[in-house]
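This is what each chain is made of:
Number of protein chains: 4
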Amino acid sequence: MNIGFIGLGNMGAPMALNLLKAGHALTVFDLVPEALQRLSEAGAKTVASPAELARSEVTLIITMLPAARHVKAVYLGEDGLLAHVPKGVRLIDSSTIDPMSAREVAAAAAKQGNPMLDAPVSGGTGGAAAGTLTFMVGGSAEDFAQAQPVLATMGKNIVHCGASGNGQVAKVANNMLLGISMIGVAEAMSLGVALGMDAKVLAGVINTSSGRCWSSDTYNPFPGVLETAPAARGYTGGFGTELMLKDLGLATEAAKQARQPAYLAALAQQLYQGFSADGHGDLDFSAIIQLYQPKG
Amino acid sequence: MNIGFIGLGNMGAPMALNLLKAGHALTVFDLVPEALQRLSEAGAKTVASPAELARSEVTLIITMLPAARHVKAVYLGEDGLLAHVPKGVRLIDSSTIDPMSAREVAAAAAKQGNPMLDAPVSGGTGGAAAGTLTFMVGGSAEDFAQAQPVLATMGKNIVHCGASGNGQVAKVANNMLLGISMIGVAEAMSLGVALGMDAKVLAGVINTSSGRCWSSDTYNPFPGVLETAPAARGYTGGFGTELMLKDLGLATEAAKQARQPAYLAALAQQLYQGFSADGHGDLDFSAIIQLYQPKG
Amino acid sequence: MNIGFIGLGNMGAPMALNLLKAGHALTVFDLVPEALQRLSEAGAKTVASPAELARSEVTLIITMLPAARHVKAVYLGEDGLLAHVPKGVRLIDSSTIDPMSAREVAAAAAKQGNPMLDAPVSGGTGGAAAGTLTFMVGGSAEDFAQAQPVLATMGKNIVHCGASGNGQVAKVANNMLLGISMIGVAEAMSLGVALGMDAKVLAGVINTSSGRCWSSDTYNPFPGVLETAPAARGYTGGFGTELMLKDLGLATEAAKQARQPAYLAALAQQLYQGFSADGHGDLDFSAIIQLYQPKG
Amino acid sequence: MNIGFIGLGNMGAPMALNLLKAGHALTVFDLVPEALQRLSEAGAKTVASPAELARSEVTLIITMLPAARHVKAVYLGEDGLLAHVPKGVRLIDSSTIDPMSAREVAAAAAKQGNPMLDAPVSGGTGGAAAGTLTFMVGGSAEDFAQAQPVLATMGKNIVHCGASGNGQVAKVANNMLLGISMIGVAEAMSLGVALGMDAKVLAGVINTSSGRCWSSDTYNPFPGVLETAPAARGYTGGFGTELMLKDLGLATEAAKQARQPAYLAALAQQLYQGFSADGHGDLDFSAIIQLYQPKG
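Protein chains in written order, with the numbering used here: chain V, 969 to 1264; chain P, 969 to 1264; chain R, 969 to 1264; chain E, 969 to 1264.
Mixed in with the good hints, there may be bad ones.
Which copy? The list can't say, so a pair holds if one copy fits it or any two copies do.
Below, computed lysine-lysine pairings styled on DSSO-like, alpha-carbon distance capped at 30 Å [what the hints assert, rightly or not]:
hint: 1; residue 1: K1079; residue 2: K989
hint: 2; residue 1: K1124; residue 2: K989
hint: 3; residue 1: K1124; residue 2: K1013
hint: 4; residue 1: K1263; residue 2: K1214
hint: 5; residue 1: K1055; residue 2: K1013
hint: 6; residue 1: K1124; residue 2: K1263
hint: 7; residue 1: K989; residue 2: K1013
Just so you know, these hints were derived from the structure itself, not from any lab. Values in this document were obtained by computation on a predicted structure and should not be read as measured data.
Put together the whole structure using the sequences plus the hints.
Put into structure tokens, the structure is as follows:
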């Protein structure tokens, strides 16, 4: 298939490479010349603007951008995609943004005859490289069916979450819970060990009891419990505190718009915010357990 | 074996009955005559005080009491167990109390030659009746090995958590995490549905993603997601809000004594406390999701 | 002076009327015809758009709008004030918005030769009608000195808070603290009374001790303590919960941008958000004390 | 008057000295010989136990102890005051403890004919030395009237708060609010300064607006705002973080017993707890503002 791709950062670049590997013809754009260069060497055609990409021969355009304001600029800007893309070209935005913005852009696209899906991912840069991402997809069942094979070249788990925007809703809800659970595990493990328990024994009890969760059994933040978790390598790699902070920001903003309280989510956001302000934003988010280790 | 049992309430009575069923000779005490009567009819011998029980022919005494002050009274009181029990009689306290009190009582028992274990349970009244409780046990490996067969007649999962008090530590840490996770799930599910997602679809995404936890995949608080959860039956049965509140009280008290912050746990405690103050203390603790449903 | 005024809502209308009363010539605009009509009857000239107002003979334009997006649209929009206003015309925005947006608009105005101040107010609709508002003003000392006499016809307390945007900073910081203090007073009064104290006696102790604050001594939320507070009239009038919620939203958003944690502010925001979601958004914000009164 | 005094620590010693200065005959007890020695040199008679003090010729006994367990031991212990004190001797406990314990002890005293008041103080060691403490007194109006002249030799402000225990209620409610307000001021000042405002100007705005409070206008935690506050001397002196933590512990414990939620108080407690765990427990509680200053 002839596919356009905009946004070749840490996530977008490996995703685009997987599309090339799967045999698709790829036309790409990014503001950073080095990013374009790298894809060009791998066989992609490069263009100089979203407008040019929109007017090339692509039948599907995928975007992977940092935040809602970039998505709105690329799609809705005066010289953006929607101003230039022919009717019928399919659009997929894999950026993680708030559901309202996703729906706004998709509605604008639909109005002029371009079916659009929101399809944020989880799985990190590792999953992007390995082609094992999870895609949480919002849009019509028909559009989802069309997109499924292409997404499957970049991911392993392609989930239809319902109508437009629901991919974003699923991601924000899951990650909000993740951010809370991780702090919950950090508090429980730290308290248990402070009270005299062995960390591995405690994790073992929790993992077979009602406290069981991904943050405990797969990604335990206490050093020494899991050899495969970021805690075993100084909290490097993994899912950065800054990214968790961004997702909790989306979550509490969405809660505000939905007029829903989100007590623990808001407090979790502040805890990551304080931890980041103290210079730890680049550490994996499970490093938040350091808040519970005396500095004295 | 000749076993003594003190505390024949909602949990203690079915536990004692399982000991009888397993063929043990049982001597029991409770302040409530009806509770004694019921065990007597089932074949237990009854006595009029802890002191009398201590002086009977038992070689093991198990207690199941509401709170630390009852445990201290029964064991350390002027006319309590330790004042009357012969050296060598083994002691197991299955009450859920703070680790410090558990260690204080066990140390007093050890000093006069009575090996003691703390062995709080999880699994609720259903698990107590079915003999499928989990016992979290603190004490020496030798004492644990001795007690294991007896505990196995009342429970399915008998876990050695380390030295004295660690059974209580494991329970308080697990339930603290559970109390937080449940509110996390309540916030995530409520927000996702308010933003337009189907509850079952959202639970499906979470349960296969990093938000996965017991509160979501086994005990989901959103009505209609799981047929087997208390949410499917008006939040009756299950683990009461009052009991969760008690456990979070133990957790934050233990954190205070250990000089550990417990931000989310303390906020979770207040949320259950407010919910209980509004008259919902008898509902299953997953009913906390009602905080996130507009009353307007 | 020849003054333009945009935004004739609950706050803007009485402010504009005070300018008329002080003898200024007034040209006004609002999207709502009835609002225009009312000012017209009072002697103001009306126009059909911000652009028309910008091109009229005014030497100062004051705006009073609901949120940052309206301010940006009115000033920076394609057909907005800055596109049409002659160089040298002074601008004052009295809307309550985030400091960053205020600075962005002021910088754009300065760039084309229009001195601009941010000058949010406190004092409510009562203060607007009585001309006793407090203005918190950000901008140069010279511009402040120029604006002072005009602002003094609408307010009693005109405070220079420093450079551009600092009027908004002062307001957001003060109201964030106010939102926290009010809940603090609600918790302290409710707890004290629940423990057996008379509310007036307790307020008396607090008001002469280290807990003393405006929320306690001037605006006490406990019914019966102060005859002049909204608590004495069913929490009507005063400063609405929705407005406090908006200000706490600005505060936590500003904290996010400044990478500052704001633990209590974020929790306070959620408490007002939950209270508003339950249908109480129109009550004075001191009604938050109802969270602490059993519903059972 | 012939007065007994038990508890000659940092607060008790200067209080006792003021009683001596006022011309009262004093009989004292403390577990620490040096403390006794000091009072002896100042003219007090010393005794070897509370029991001995109870049986001496005193007509009033004042106690100043660290926590409820000490108060219970001294009054209710087997060899405690109530076991030995003649009927009619008046009792005043100035310790800061939970209201329930205060009422329990007072009820036991009343039962055997000893009128008792709870009379916790505020004002710190400085106020104790200067005789300018505030006494918050719970008990009957008659007993209060009797005690007032004696308390007035140690304090300046003697407030009758109502029936038994209400002195403790007033203190716990006030200090809970103080602990919250101080963090609120810390958040507001830190955010405002991070957003570009001068700290003194911001404090000036707050102190004349609705955010006004003792923590801002008398004890501002931001360095450089007030020359007389602990912030001006490295947060030494003043009211220690550990003491605030103790009072917030009493507050949340009282809230639990009263079945009242206390959201902000519980979070404030955890913030001081984390700050103390990091080794800052000896600093004045206003040092909590350091949580909002980047460590990076």
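A quick look at each hint next to the structure:
Proximity of K1079 and K989 under a CA criterion of 30 Å is satisfied in neither setting, with 33 Å inside one chain copy and 51 Å between copies. Proximity of K1124 and K989 under a CA criterion of 30 Å is satisfied intra-copy only: 15 Å inside one chain copy versus 52 Å between copies. Within a single copy, K1124 and K1013 get their C-alpha atoms as close as 26 Å, which meets the 30 Å cut-off; across copies the closest is 63 Å, which misses it. In this assembly of identical chains, K1263 and K1214 lie within 30 Å of each other by CA distance both inside one copy and across copies; the values are 27 Å within and 21 Å between.
Proximity of K1055 to K1013 under the C-alpha cut-off of 30 Å is restricted to the intra-copy arrangement: shortest distance 22 Å within a copy versus 48 Å between copies. Within a single copy, K1124 and K1263 get their C-alpha atoms no closer than 42 Å, and across copies no closer than 41 Å, so neither meets the 30 Å cut-off. In this assembly of identical chains, K989 and K1013 lie within 30 Å of each other by CA distance solely inside one copy; the values are 14 Å within and 68 Å between copies.
Hints 1, 6 from the earlier list are contradicted by this structure; the remaining hints agree with it.
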